[in-house]
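J.: Residue strings, one per chain:
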Amino acid sequence: MLPHAGITRVILQGEMAVSQIHSDKNLAANRHVCESAICMPAAPTLPELYDAHAAGLFHYFTSFTGEEADAKDLLQELFIKLGKQSIPSGIVNLRAWLLRLAHHHAVDWLRRHRVRRRAEEEMPPEMFATQDDPDQAEFAKRLDKALALLPTEQRSVAQLKLWDDLTFEEIAEVQGIPLNTAASRYRYALEKLRSELRPLYDELKPL
Amino acid sequence: MNTNPDAFENDLRALKRRALPEDWRDAILSAARDIKPEPRAPRWLIVGWSAAWAAILMMYFTTPAEPNTQPRTVHAAPFLRFDERAALIDALLASN
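Protein chains in written order, with the working numbering: chain S, 1 to 207; chain A, 1 to 96.
These are calculated hints, taken from the structure and not from any lab test.
It should be emphasised that the depicted structure is a prediction, and the values quoted were computed from it without experimental measurement.
Keep in mind that a hint or two might mislead.
[What the hints assert, rightly or not] Derived DEER-like restraints, expressed as beta-carbon distance ranges: (1) Val107(S) - Ile56(A): 56 to 62 Å; (2) Trp49(A) - His113(S): 46 to 52 Å; (3) Trp53(A) - Gly176(S): 52 to 58 Å; (4) Ser89(S) - Ile35(A): 19 to 25 Å; (5) Arg43(A) - Asp51(S): 31 to 37 Å; (6) Arg40(A) - Ala69(S): 33 to 39 Å; (7) Ile177(S) - Ile35(A): 30 to 36 Å; (8) Pro42(A) - Arg111(S): 19 to 25 Å; (9) Ala54(A) - Leu46(S): 49 to 55 Å; (10) Trp53(A) - Asp144(S): 52 to 58 Å; (11) Trp53(A) - Thr152(S): 40 to 46 Å.
[As the list claims (entries may be wrong)] To give an idea of the interface, some chain A residues facing chain S are shown, with a C-beta separation under 10 Å as derived from the structure: (12) Asp6; (13) Ala7; (14) Leu12; (15) Ala19; (16) Trp24; (17) Ala27; (18) Ile28; (19) Arg33; (20) Ile35; (21) Ala41; (22) Pro42; (23) Arg43; (24) Glu84.
Just so it is clear, CB atoms sit at the ideal spot from N, CA and C, and this is done for glycine as well.
Build out the structure end to end from the sequences listed, making use of the hints.
T.: Structure follows, in structure tokens:
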């Protein structure tokens, strides 16, 4: 066996990790801690995490709770949890890591509250930014309603895919489900959204 | 698995989600900062605790499960038959 094979392997792994780290567009700060030729991303601070990911986490929570107030509570609890523990350095995909924590937190919340929301009877939370164009504003409003009609598991997958820009592999990892399940939930969600929004979408097209 | 988004998906994706209210940031971060990190048990305590459990387990597995069933040796007076005892008493009386 080569005397330096182990060292070489460690350095190569370090370089691979660094290349993955640089590909993470969501990393709040591009700080690295280097230790003997291996660089790891420094653990982000709470304000950095908040600025980069809080909105996405909040909307993800909303897809479970259906209520802004509950989603805000969950977001606060998650940050308190993050404040209690030391955030590990060297996490390659910080967004997926946070979303996985958020997913477990949301599932615990659902288990505790056993919410059976009747979406059609409630005002769905506004997920989208205010649109200047009234047609777009109407479309966003209808999309909020259509999302509220989806089952939780389809809505949460649609959120991760469409607006958090996660791949099916990442979604499967975040939610702890098989890859095919993630893909089929997304497909069902998209079909339902399409059928709910088709009349307005065809009328407004192109947005 | 077709992962190429169609026009509908792209139009959905183009909608921007709303940002969080500004005042939430300070409220959430100050709540998170006010919580002190949970202290971790010192290393010596974890090592000591593990060693104690290892010793307990080792003693448990090395000790025989069944108690020793060998009859204990009874240190009692030798058994004498009635006639031997009577002869001894007679000899004692005669000596007096």
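J.: Each hint should be assessed against the structure and marked as holding or not.
T.: Cross-check of the supplied hints:
1. Val107(S) - Ile56(A): 56 to 62 Å: Violated, since Val107(S) and Ile56(A) (Cβ atoms, about 38 Å apart) do not stay within the stated range.
2. Trp49(A) - His113(S): 46 to 52 Å: violated (37 Å)
3. Trp53(A) - Gly176(S): 52 to 58 Å: This hint is violated: roughly 32 Å between Cβ atoms.
4. Ser89(S) - Ile35(A): 19 to 25 Å: holds (20 Å)
5. Arg43(A) - Asp51(S): 31 to 37 Å: With Cβ atoms ~35 Å apart, the hint holds.
6. Arg40(A) - Ala69(S): 33 to 39 Å: holds (34 Å)
7. Ile177(S) - Ile35(A): 30 to 36 Å: Holds: the Cβ-Cβ distance is about 31 Å, inside 30 to 36 Å.
8. Pro42(A) - Arg111(S): 19 to 25 Å: violated (35 Å)
9. Ala54(A) - Leu46(S): 49 to 55 Å: Given about 39 Å between the Cβ atoms, the range is violated.
10. Trp53(A) - Asp144(S): 52 to 58 Å: holds (55 Å)
11. Trp53(A) - Thr152(S): 40 to 46 Å: Since the Cβ atoms of Trp53(A) and Thr152(S) sit about 43 Å apart, the hinted range of 40 to 46 Å holds.
12. Asp6: holds (9 Å)
13. Ala7: holds (8 Å)
14. Leu12: holds (5 Å)
15. Ala19: holds (6 Å)
16. Trp24: With a closest approach of 7 Å, the Trp24(A) hint holds.
17. Ala27: It holds, given that the least Cβ distance between Ala27(A) and chain S is near 8 Å, below 10 Å.
18. Ile28: This hint holds: Ile28(A) lies near chain S, its Cβ roughly 5 Å from the closest one there, short of 10 Å.
19. Arg33: holds (6 Å)
20. Ile35: holds (5 Å)
21. Ala41: At about 14 Å, which exceeds the 10 Å cut-off, the nearest Cβ of chain S leaves the hint on Ala41(A) violated.
22. Pro42: violated (16 Å)
23. Arg43: Violated, about 16 Å.
24. Glu84: violated (85 Å)
Hint check: violations occur at hints 1, 2, 3, 8, 9, 21, 22, 23 and 24; the rest are consistent with the structure.
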